[in-house]
Amino acid sequence: MSTIISVSNLKKSYKDNEVLKGISFDVKQGGIFALLGSNGAGKTTTINILATLQKADGGEASICGYDCFSQQRDVKKSISLTGQYATVDGSLTGRENLKLIGRLKHIKNPQEKARELLEKFNLTDAADKPASTYSGGMRRRLDIAMSLIGDPKIIFLDEPTTGLDPQSRIAMWELVKEMSSQGITIFLTTQYLEEVEHLADDIAILHEGKIVAHGTSDELKEMLPQGMLKITFPCLDSFLKAKSQLDRYSIANEDEKEYSISILTSGKVDEITNILLGFKSNNIELKNFEQLKPTLEDVFLTIIGYEKDGGK
Amino acid sequence: MQNTIKDIKTMSWRCMLNAIKTPDSLIMSLVVPVILLLVFVNVFGGSMDIGGYNFVNFIIPGIMVNCLIQSSSSTGIGVNKDMTTGIVTRFRSMDISNVAFLAGHVLVAFIKGMATVAILIGVSFLVGFRPLADLPQWLFIIGLIMLFVMANTWLAVMLGVMMKSAESVGGFIAFYAVLVFLSPGMAPTENMPRALQIFAENQPMAPFITSIRSLVNGHAPQGDQVLATLLWWGGILILTFIATVYAYKKKLTV
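Residue numbers (my numbering), protein chains in the order written: chain D, 1 to 312; chain Z, 1001 to 1254.
Just so you know, the hints here were simulated from the structure itself, not pulled from any lab data. Treat the hints with care, as some may be off.
As the list claims (entries may be wrong) - Result set (DSS-like, lysine-lysine): computed pairs, CA atoms no more than 27 Å apart in a straight line:
id: 1; chain 1: Z; residue 1: K1006; chain 2: D; residue 2: K108
id: 2; chain 1: Z; residue 1: K1081; chain 2: D; residue 2: K268
id: 3; chain 1: Z; residue 1: K1250; chain 2: Z; residue 2: K1021
id: 4; chain 1: D; residue 1: K113; chain 2: Z; residue 2: K1006
id: 5; chain 1: D; residue 1: K153; chain 2: Z; residue 2: K1006
id: 6; chain 1: Z; residue 1: K1251; chain 2: Z; residue 2: K1164
id: 7; chain 1: D; residue 1: K11; chain 2: Z; residue 2: K1251
id: 8; chain 1: Z; residue 1: K1249; chain 2: D; residue 2: K21
id: 9; chain 1: D; residue 1: K55; chain 2: Z; residue 2: K1021
id: 10; chain 1: Z; residue 1: K1249; chain 2: D; residue 2: K113
id: 11; chain 1: D; residue 1: K287; chain 2: D; residue 2: K243
id: 12; chain 1: Z; residue 1: K1081; chain 2: D; residue 2: K55
id: 13; chain 1: D; residue 1: K105; chain 2: Z; residue 2: K1009
id: 14; chain 1: D; residue 1: K28; chain 2: D; residue 2: K153
id: 15; chain 1: Z; residue 1: K1081; chain 2: D; residue 2: K105
id: 16; chain 1: Z; residue 1: K1164; chain 2: D; residue 2: K77
What the hints assert, rightly or not - Which chain Z residues stay away from chain D? Per the calculated CB distances, all over 10 Å, these:
id: 17; residue: L1017
id: 18; residue: I1027
id: 19; residue: G1086
id: 20; residue: M1094
id: 21; residue: I1096
id: 22; residue: F1110
id: 23; residue: G1128
id: 24; residue: G1143
id: 25; residue: L1147
id: 26; residue: S1165
id: 27; residue: S1168
id: 28; residue: A1187
id: 29; residue: D1224
id: 30; residue: L1252
id: 31; residue: T1253
Quick caveat, the model's predicted, so the values are computed rather than measured. Beta carbons are placed, not taken as given, at the ideal position from N, Cα and C, and that holds for glycine.
Could you build all of it, start to finish, from the sequences and the hints given here?
What follows is the structure, encoded as structure tokens:
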């Protein structure tokens, strides 16, 4: 797959506040790319620079081969931006909002396009009601429908599910996947790890103005120790016996009241089998046994925590 | 260029839809002036010495000023809402000429202002407005009103772009509309305290009001009053235009 967005050493400060400290990443065509970070990490600033709304202080950025600073008109024609808050005109109806964007994008038949999108986004019943009367989920759908006009190659979604109820959030995920399956590259920012895990092919974690990790969800998880085992024993006796047997593994956590031990292993089946056989041959009873896989949340918190400690 | 004109048309279409869908702002900008008109005509009309004028002919320019400022309020608030709620961000991420957004607002505000004056004049006939102007004088009146509407439109758009919230835009314009009471618009200035009289006779609304008043009563306006009107409101138009474009660009390039 070819690269559609290329960012290199991008920098931006607001007065003394250095928001982006030289970030670099590439986005592949046709996938779903997620920029993950806490509030104030610089996500919106990054999107605004790529969407030509703000100027960077340094570095380079290009979209579809066009330079984001010197070829802004070509960039604008290739993208659609859906801002952090649904940017629809509340006093216009859904249909009028779509016609407005259609006319501004100079498409041939804005009326027909509006009708088609209303149907596709399940807004036909509310088509002629003012957008201010829409629910949060409907506004978001209208917002995305507006973004699809003019066949953009890339859609930027700045926190598309912030403030939505769980049902609308899942509907939004389906929508994003569908757009992606039609070949549109999706660039989304979010602070929800669940969302990233669910949607993104490619994830970059932005923290304090730097990209601190970049890869697929699995690649990021591999950054953490794999195959943590949590073993719980029925009594103190088994717990202590087991502990001495496990002394060659590094112990991540132990709880003498719960009689449980967590150890780090390679996560390979052979190794786990050997551990369990060892208990069996020494007549150590087990109460419970679970394998803990690192979640993206662990990765995120570990990276951010690490960065924080590193900064001190 | 062709696209710019298309975009201005589209933006005007949007502002026009907004104006039609929220007729309350047009109605409000008429209700207060019409009430003022009725109160002044029925309550003060008999007791005020205005030197032989028909009272409605005397009061109409002041009421008109109040009415036009009220009507510019919805423009300022509309611009401010667009600026602060993110729809401008959406427009800016599209390949649209930057002037289209402002031009759409200004065009529609201008049409709205002129329509408001037309309605106000229509209503004033019912309460005894008897203009004595001939055709050239009417054309002169319309020309001056157009200048005044344009200047106030840009003033409102400027406030909409610069101010942080719609409430402050509305508040500022409401305060500004009150200044018409400190002008020759509602009562003769001779009876005012000295300091107030100096302000009332020299503030920018004064020459506009006295010029219109002379014209509707069929007199040739005084040359210095016309000149002062053109200088004040032409100046305000140019300054607010420049300030708006500057502030708009500055707000957009963070």
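Right, here's what the structure says about each hint:
1. Distance check on the hinted pair: K1006(Z) and K108(D) sit about 13 Å apart at the alpha-carbon level, within 27 Å; holds.
2. Using a Cα cut-off of 27 Å, the hinted pair K1081(Z) and K268(D) is violated, with the two alpha carbons roughly 59 Å apart.
3. Pair hint K1250(Z) plus K1021(Z) does not hold up; C-alpha atoms about 31 Å apart against a cutoff of 27 Å.
4. The hinted pair formed by K113(D) and K1006(Z) meets the criterion: a straight-line CA distance of about 18 Å does not exceed 27 Å.
5. Of the pairs offered as hints, the one joining K153(D) and K1006(Z) holds, with about 24 Å between alpha carbons and a cut-off of 27 Å not exceeded.
6. Annotation: proposed proximity of K1251(Z) to K1164(Z) holds, straight-line Cα distance about 11 Å (limit 27 Å).
7. Between K11(D) and K1251(Z), the direct Cα distance comes to roughly 20 Å. Compliance with the 27 Å bound is thereby established for this hinted pair.
8. With a C-alpha separation of about 26 Å, the suggested pair K1249(Z) and K21(D) falls inside the 27 Å cut-off, and the hint holds.
9. Distance check on the hinted pair: K55(D) and K1021(Z) sit about 37 Å apart at the alpha-carbon level, beyond 27 Å; violated.
10. Of the supplied pair hints, the one linking K1249(Z) and K113(D) is violated, its CA atoms being roughly 32 Å apart against a limit of 27 Å.
11. Our distance criterion of 27 Å between C-alpha atoms is met by K287(D) and K243(D), whose separation comes to about 15 Å.
12. Our distance criterion of 27 Å between C-alpha atoms is met by K1081(Z) and K55(D), whose separation comes to about 24 Å.
13. Pair hint K105(D) plus K1009(Z) holds up; C-alpha atoms about 13 Å apart against a cutoff of 27 Å.
14. Our distance criterion of 27 Å between C-alpha atoms is met by K28(D) and K153(D), whose separation comes to about 12 Å.
15. For the hint pairing K1081(Z) with K105(D), the CA-to-CA distance comes to about 23 Å; that is within 27 Å, so the pair holds.
16. Restraint check for K1164(Z) and K77(D): the C-alpha separation of about 31 Å exceeds 27 Å, so the hint is violated.
17. Here L1017(Z) does not stay apart from chain D, with its beta-carbon only about 6 Å from theirs, under the 10 Å limit.
18. Look at I1027(Z): its CB is around 16 Å from the nearest CB on chain D, clear of 10 Å, so calling it non-interface holds up.
19. With 10 Å as the threshold on Cβ separation, the claim that G1086(Z) sits away from chain D is violated: the shortest Cβ distance comes to roughly 4 Å.
20. Interface exclusion of M1094(Z) from chain D breaks down, the closest Cβ pair being 6 Å apart, not more than 10 Å.
21. The claim that I1096(Z) is not at the interface with chain D is violated, since a C-beta of that chain comes within 10 Å of its own (minimum 5 Å).
22. The Cβ of F1110(Z) sits about 20 Å from the closest Cβ of chain D, beyond the 10 Å cut-off, so the non-interface label holds.
23. With a minimum CB-CB distance of about 38 Å to chain D, G1128(Z) clears the 10 Å threshold, and the non-interface call stands.
24. With a least beta-carbon separation of about 33 Å from chain D, G1143(Z) lies farther than 10 Å from that chain, consistent with its non-interface assignment.
25. Taking the minimum C-beta to C-beta distance to chain D, about 30 Å, the non-interface status of L1147(Z) holds against the 10 Å cut.
26. Distance check on S1165(Z): its Cβ is at least 16 Å (rounded) from any Cβ of chain D, clearing the 10 Å threshold; non-interface status holds.
27. For S1168(Z), the shortest C-beta to C-beta distance to chain D comes to about 20 Å, beyond the 10 Å cut-off, and the non-interface label holds.
28. With a least CB separation of 39 Å from chain D, A1187(Z) remains clear of the 10 Å interface cut-off, as annotated.
29. Here D1224(Z) stays apart from chain D, with its beta-carbon at least about 45 Å from theirs, past the 10 Å limit.
30. Here L1252(Z) does not stay apart from chain D, with its beta-carbon only about 8 Å from theirs, under the 10 Å limit.
31. Some Cβ of chain D comes within 10 Å of the Cβ of T1253(Z); the nearest lies about 6 Å off, and the non-interface call is violated.
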